[in-house]
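J.: Listed in order, the protein sequences are those of chains H and Z. My numbering numbers the first residue of the first sequence as 14 and each following residue consecutively. My numbering numbers the first residue of the second sequence as 14 and each following residue consecutively.
If chains are identical, the list can't say which one is meant, so a pair holds when it fits in one copy or spans any two.
With a straight-line cut-off of 25 Å between C-alpha atoms, the simulated SDA-like cross-links for lysine to any residue are:
no., residue 1, residue 2
1, 163, 268
2, 163, 266
3, 268, 68
4, 243, 108
5, 163, 176
6, 163, 275
7, 268, 188
8, 268, 189
9, 286, 76
10, 270, 145
11, 178, 190
12, 270, 77
13, 163, 214
No lab work stands behind these hints, which were simulated from the structure alone.
2 protein chains.
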Amino acid sequence: MAEISGNSAGLAPIGVFDSGVGGLTVAREIMRNLPNEHIVYFGDTARVPYGSKSRDTIIRYSQQIIRFLRTQQVKAIVIACNTASALALDEVEKEFDLPIIGVIRSGARVAAAATVNRKVGVIGTESTINSGMYDQLIHEEDPGITVYGKACPLLCPLVEEGWLKDPVTETVTRRYLDELLEAGIDSLILGCTHYPLLRSLIAGIVGDGIRLVNPAYETAKELERLLIQKNLINTGEKAPVNEPYKFYVSDAADKFKRFANSILPYDIETTRKINIEEY
Amino acid sequence: MAEISGNSAGLAPIGVFDSGVGGLTVAREIMRNLPNEHIVYFGDTARVPYGSKSRDTIIRYSQQIIRFLRTQQVKAIVIACNTASALALDEVEKEFDLPIIGVIRSGARVAAAATVNRKVGVIGTESTINSGMYDQLIHEEDPGITVYGKACPLLCPLVEEGWLKDPVTETVTRRYLDELLEAGIDSLILGCTHYPLLRSLIAGIVGDGIRLVNPAYETAKELERLLIQKNLINTGEKAPVNEPYKFYVSDAADKFKRFANSILPYDIETTRKINIEEY
Numbered sequence: 014m015a016e017i018s019g020n021s022a023g024l025a026p027i028g029v030f031d032s033g034v035g036g037l038t039v040a041r042e043i044m045r046n047l048p049n050e051h052i053v054y055f056g057d058t059a060r061v062p063y064g065s066k067s068r069d070t071i072i073r074y075s076q077q078i079i080r081f082l083r084t085q086q087v088k089a090i091v092i093a094c095n096t097a098s099a100l101a102l103d104e105v106e107k108e109f110d111l112p113i114i115g116v117i118r119s120g121a122r123v124a125a126a127a128t129v130n131r132k133v134g135v136i137g138t139e140s141t142i143n144s145g146m147y148d149q150l151i152h153e154e155d156p157g158i159t160v161y162g163k164a165c166p167l168l169c170p171l172v173e174e175g176w177l178k179d180p181v182t183e184t185v186t187r188r189y190l191d192e193l194l195e196a197g198i199d200s201l202i203l204g205c206t207h208y209p210l211l212r213s214l215i216a217g218i219v220g221d222g223i224r225l226v227n228p229a230y231e232t233a234k235e236l237e238r239l240l241i242q243k244n245l246i247n248t249g250e251k252a253p254v255n256e257p258y259k260f261y262v263s264d265a266a267d268k269f270k271r272f273a274n275s276i277l278p279y280d281i282e283t284t285r286k287i288n289i290e291e292y
Numbered sequence: 014m015a016e017i018s019g020n021s022a023g024l025a026p027i028g029v030f031d032s033g034v035g036g037l038t039v040a041r042e043i044m045r046n047l048p049n050e051h052i053v054y055f056g057d058t059a060r061v062p063y064g065s066k067s068r069d070t071i072i073r074y075s076q077q078i079i080r081f082l083r084t085q086q087v088k089a090i091v092i093a094c095n096t097a098s099a100l101a102l103d104e105v106e107k108e109f110d111l112p113i114i115g116v117i118r119s120g121a122r123v124a125a126a127a128t129v130n131r132k133v134g135v136i137g138t139e140s141t142i143n144s145g146m147y148d149q150l151i152h153e154e155d156p157g158i159t160v161y162g163k164a165c166p167l168l169c170p171l172v173e174e175g176w177l178k179d180p181v182t183e184t185v186t187r188r189y190l191d192e193l194l195e196a197g198i199d200s201l202i203l204g205c206t207h208y209p210l211l212r213s214l215i216a217g218i219v220g221d222g223i224r225l226v227n228p229a230y231e232t233a234k235e236l237e238r239l240l241i242q243k244n245l246i247n248t249g250e251k252a253p254v255n256e257p258y259k260f261y262v263s264d265a266a267d268k269f270k271r272f273a274n275s276i277l278p279y280d281i282e283t284t285r286k287i288n289i290e291e292y
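If we strip away everything but chain H, and leave its shape as in the complex, we get:
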């Protein structure tokens, strides 16, 4: 790839990927906070979910997706998936020569700064929690913080079923959160990109005394700092192209579109399906 810099580089899109629709909560924050930036989003709907899969597999999937995103001339990549950020970021950072950020570091930073009693809770998928990555990055900020992780495998399926304010979802969430509340946490990281969609339900359970940290928002802010630092930010007016946001999936574009249209502030017109195993 030829060296690009300044605003000619700035016009290139940001690559954002996730195992499916969850990462759209991150894309939404990037759209809000960096309205000049173009985005190419990839949702790996053929292989979703990532949360119960192994490190080797998630690394292989992430490599394939980054190879695909590079064909779209992206200038930077956001891994908008906690599981892939936890398991694959280290590996792909070494392998690819473009800026890549995940969603975990910025969430960990904010939680470390927010906690007063130094007891932080993290909820996420099985793989994210078992990776210990939130613990590690929070301890880099402050080794004295105790991190309480809890895997919540049913929350993604409940969100995808659309039961966002359902008594069943409340019962399940309450059960998952019980031990964190008993431990006395004062901050809780929503460590899966689906969970911001349960934000009001979770806030109702934990009450006002606990600060909810949404890594999606923090990641958009981190991306902005990174783009400025690397001289990659789009400093001009919004470029006059028809599609500032492009969406690719590995399966069932229609279903993705329905879900996306319920999350994003506008309706997606086109979603393209590709065979990700070819990359």
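Please build the complex by placing chain Z on the supplied structure of chain H, with the hints as guidance.
T.: Quick look at chain Z alone, frame taken from chain H:
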């Protein structure tokens, strides 16, 4: 492949595959009913679940798995997954020159024979229900039967979480079954290989008046008829090999083993991981 027949063919294993662990309920029935037969089981744990994915994707995955199973010299294949049986059986039957059966036809037959009021319920994944395959095969038996299908996307995650007798699982299952019960069904097909693990909970909800049909059991019986008819059954004593049952997965062998050991009547010693995308 050289032509094989009689008991030299009979010694070859049966290939059994599923998106993950669910198909073990079918493997278990084959072990019980055909104790002389060897089995090579493949669970596609890297790409599980299949239930929300499209026909194209499920066909591609099934083709890869069948190509892998052929490298294991299988004499016949059982698609121990309702979704893959619904979406891919027709295609792979045309493509591969060995006997392949799914789990849907035999369940449909038994339900059609069992119903008295000609109202049959089917529960399964979204893709299985949307395929209309149970309706089609039941109507081939008796066009006068009304089939009531209901997708139950949360039941697999609840089974995989191990909440088999949990009040949450009961509430969710009851909600899914409500409309089938109101419709007055007298037979209910457990149209996903995970659901036999919820059999007692479901029986408690629907009561004695409704016959539960387990396609896993019916499929083992159909396999027996097929092997006899094709002269492929193992007529001899159990062959003196160390591993009558072999297990392959596409991801995270340990997790698979834990779940398998809770389903099967014995403990699996070895599970091999392969990269299914290479087939």
